[in-house]
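Using the sequences provided together with the hints, build the complete structure.
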Amino acid sequence: MPRVVEARGIVKSYGRLRVLQGLDLTVQRAQVTAIIGPNASGKTTFNKILLGLVRPDGGEITIDGARINGSSAYRANIGYMPQAARFPENLCADDVFRMLADIRGVSADSAGGSTSGPAHGLTSGPASGLTSGLVHGLTTGPASGLTSAPAGRAGSRRSSERDEELIETLSLGPVLKTPIRLLSGGMRQRVNAALAFLFRPSLLLLDEPTAGLDPISSSTLKDKILRERAAGRTFILTSHVLSELEELADRITFLLDGVAHFSGTQDELKHQTNQPTLERAIAQLMRQRASLPAPEGAP
Amino acid sequence: MTATMILKIVRYVLLDVMRNRWVLGYAVFFFALTDVLLRLGGSGPRALLSLLNVVVLLIPLVTIVFGTIYWHGAREFNELLLSQPVERSTLFHGLFAGLVLPLSAAFMVGVSIPLALHQAIDRETAPLLGMMLVAGVALTAVFGALAVLIGGLVDDRLKGLGIALGVWVLLTVAYDGLVLWVAMAYQDYPIEGAMLALTFANPVDLARVLLIMRFDVSALMGYTGAVVQRLLGGSLGALAAAGGLMVWTIVPGLFALRAFRRRDF
Numbered sequence: 035m036p037r038v039v040e041a042r043g044i045v046k047s048y049g050r051l052r053v054l055q056g057l058d059l060t061v062q063r064a065q066v067t068a069i070i071g072p073n074a075s076g077k078t079t080f081n082k083i084l085l086g087l088v089r090p091d092g093g094e095i096t097i098d099g100a101r102i103n104g105s106s107a108y109r110a111n112i113g114y115m116p117q118a119a120r121f122p123e124n125l126c127a128d129d130v131f132r133m134l135a136d137i138r139g140v141s142a143d144s145a146g147g148s149t150s151g152p153a154h155g156l157t158s159g160p161a162s163g164l165t166s167g168l169v170h171g172l173t174t175g176p177a178s179g180l181t182s183a184p185a186g187r188a189g190s191r192r193s194s195e196r197d198e199e200l201i202e203t204l205s206l207g208p209v210l211k212t213p214i215r216l217l218s219g220g221m222r223q224r225v226n227a228a229l230a231f232l233f234r235p236s237l238l239l240l241d242e243p244t245a246g247l248d249p250i251s252s253s254t255l256k257d258k259i260l261r262e263r264a265a266g267r268t269f270i271l272t273s274h275v276l277s278e279l280e281e282l283a284d285r286i287t288f289l290l291d292g293v294a295h296f297s298g299t300q301d302e303l304k305h306q307t308n309q310p311t312l313e314r315a316i317a318q319l320m321r322q323r324a325s326l327p328a329p330e331g332a333p
Numbered sequence: 135m136t137a138t139m140i141l142k143i144v145r146y147v148l149l150d151v152m153r154n155r156w157v158l159g160y161a162v163f164f165f166a167l168t169d170v171l172l173r174l175g176g177s178g179p180r181a182l183l184s185l186l187n188v189v190v191l192l193i194p195l196v197t198i199v200f201g202t203i204y205w206h207g208a209r210e211f212n213e214l215l216l217s218q219p220v221e222r223s224t225l226f227h228g229l230f231a232g233l234v235l236p237l238s239a240a241f242m243v244g245v246s247i248p249l250a251l252h253q254a255i256d257r258e259t260a261p262l263l264g265m266m267l268v269a270g271v272a273l274t275a276v277f278g279a280l281a282v283l284i285g286g287l288v289d290d291r292l293k294g295l296g297i298a299l300g301v302w303v304l305l306t307v308a309y310d311g312l313v314l315w316v317a318m319a320y321q322d323y324p325i326e327g328a329m330l331a332l333t334f335a336n337p338v339d340l341a342r343v344l345l346i347m348r349f350d351v352s353a354l355m356g357y358t359g360a361v362v363q364r365l366l367g368g369s370l371g372a373l374a375a376a377g378g379l380m381v382w383t384i385v386p387g388l389f390a391l392r393a394f395r396r397r398d399f
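Top line first, the protein sequences correspond to chains A and B. All letters in the first sequence, in the order written, are residues 35 to 333 by this note's numbering. All letters in the second sequence, in the order written, are residues 135 to 399 by this note's numbering.
It should be emphasised that the hints constitute simulated quantities derived from the structure, not laboratory data. Warning: the hint list may mix true and false statements.
Label pairs and their calculated CB-CB ranges [unchecked claim]: (1) A:Ala245 / B:Arg396: 26 to 34 Å; (2) B:Leu158 / A:Leu210: 21 to 29 Å; (3) B:Val381 / A:Gly104: 27 to 35 Å; (4) B:Asp289 / A:Pro213: 24 to 32 Å; (5) A:Asn73 / B:Leu287: 53 to 61 Å; (6) A:Leu216 / B:Leu158: 14 to 22 Å; (7) B:Gly159 / A:Ala245: 32 to 40 Å; (8) B:Val316 / A:Gly92: 17 to 25 Å; (9) A:Ala245 / B:Arg155: 29 to 37 Å; (10) B:Arg155 / A:Gly220: 45 to 53 Å; (11) A:Glu302 / B:Arg396: 33 to 41 Å; (12) A:Gln306 / B:Arg397: 19 to 27 Å; (13) B:Arg396 / A:Asn124: 24 to 32 Å.
Values in this document were obtained by computation on a predicted structure and should not be read as measured data. The beta-carbon is built from N, C-alpha and C at its ideal position, and this holds for glycine as well.
Structure follows, in structure tokens:
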């Protein structure tokens, strides 16, 4: 199974607060990898390190086989949906979309509504669209991500088409020209979601994507995630909503005190903890950890 | 880091900044002041001379305060853009230009338009106006760089604002007092060299010297101005002052860039 993201021994402290203490994490192509863990366990920090927004104190990350070393080009393949959407206050959503299209060098013209499906395979390697349905297990084959990566990268740069499906399905049309500061929290979050998918990235980092969304928008977004996964895109998702994880997550990484305490499929998690449901399994995991001598700085 | 990318970023920063009423108010202020001075004083050179002290005090104040607030306010912009394929140094230069350009433009337009409207730009006024605009833009760049440095090093907004005001007071008001005190205390010694050094250690003094030497009003020149005039002479002094202002922009700017590259967003 090709690995998209490979993190080894990531360490990060904010002053005296040790957030990540040697995190190892692997993310495989065309899968949804969920990172779960209590508040302040380092989920958001890890996302930000992937993006280069935060510089790790130690450790190494490769994305599509290339080490993150401070250059920015790799971010053309990443879509990011931060936890709290923050935008320049005086701009409207349309300005922001145009601006980022302009900066990414993507044609600013509208994609024309048609939702391009998996057939385009813009960002994924040629095989991933075919196999994604079959590979829910953990087939840890040799890392062929190295070979498929360059093709995917060139493909996404060539595409001038934007994915405006979410602008439509999240009914953002009427508010595109409204200054973002006047939008409600939920509306901002919808803009945020649309933006993450807009440039057809091959890797999406979604930080609590459905927090603040109403049930309709939330299920629209989840459908979108499932469809795009089938099209070969890779997701890293953090969430506290277990039903959502049950529905979306191929693999789960449980983060506590800055270390991954469990990584595997949902079935493996249930099996290991001997619990029938995901919720109970995670509760069990948390309880096990609580009874261990906690590393210093545990919340 | 490409120039086109910086230009793109500047464009969108300007889109945001231009909708900010501060900049508009700043332009209107210079417009109104110049207009009033022209109505009261008549000729262009006299109005510009009266403007001189306002320029030397107010431009640093507004730029450093606005700049510090702006740098904190740009956090959202930074997070958004740095999760795109944009280099940090590119974003930094775009943001800095987005701060200095609108403020400079507001000042230049605010001062020039009334002069043009009153048809006061003659052969005598034009070079003075030119030097005034150069000095104003240079001060905007210097204090913009200082604001960016403060904004980048101090995370707390209020604390940053306090430091910005402190720097302004130090460089405008307190510094004169210090220079005078040194001059008084060591009046029995040959201290021209030291005085010259003190002048170059303060961008506000440099801008003042640059302007006053043009206006040829020795009464206003003050101690440091007289020293520069005597030691360096007219044109060499002006060149040196301009160079000093450039150093005052580049050095804090480079430190700010370093902080910007290293920080976590």
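Hints violated by the structure (numbers, ascending): As far as the earlier hints go, 5, 8, 10 and 12 are violated by this structure, in ascending order.
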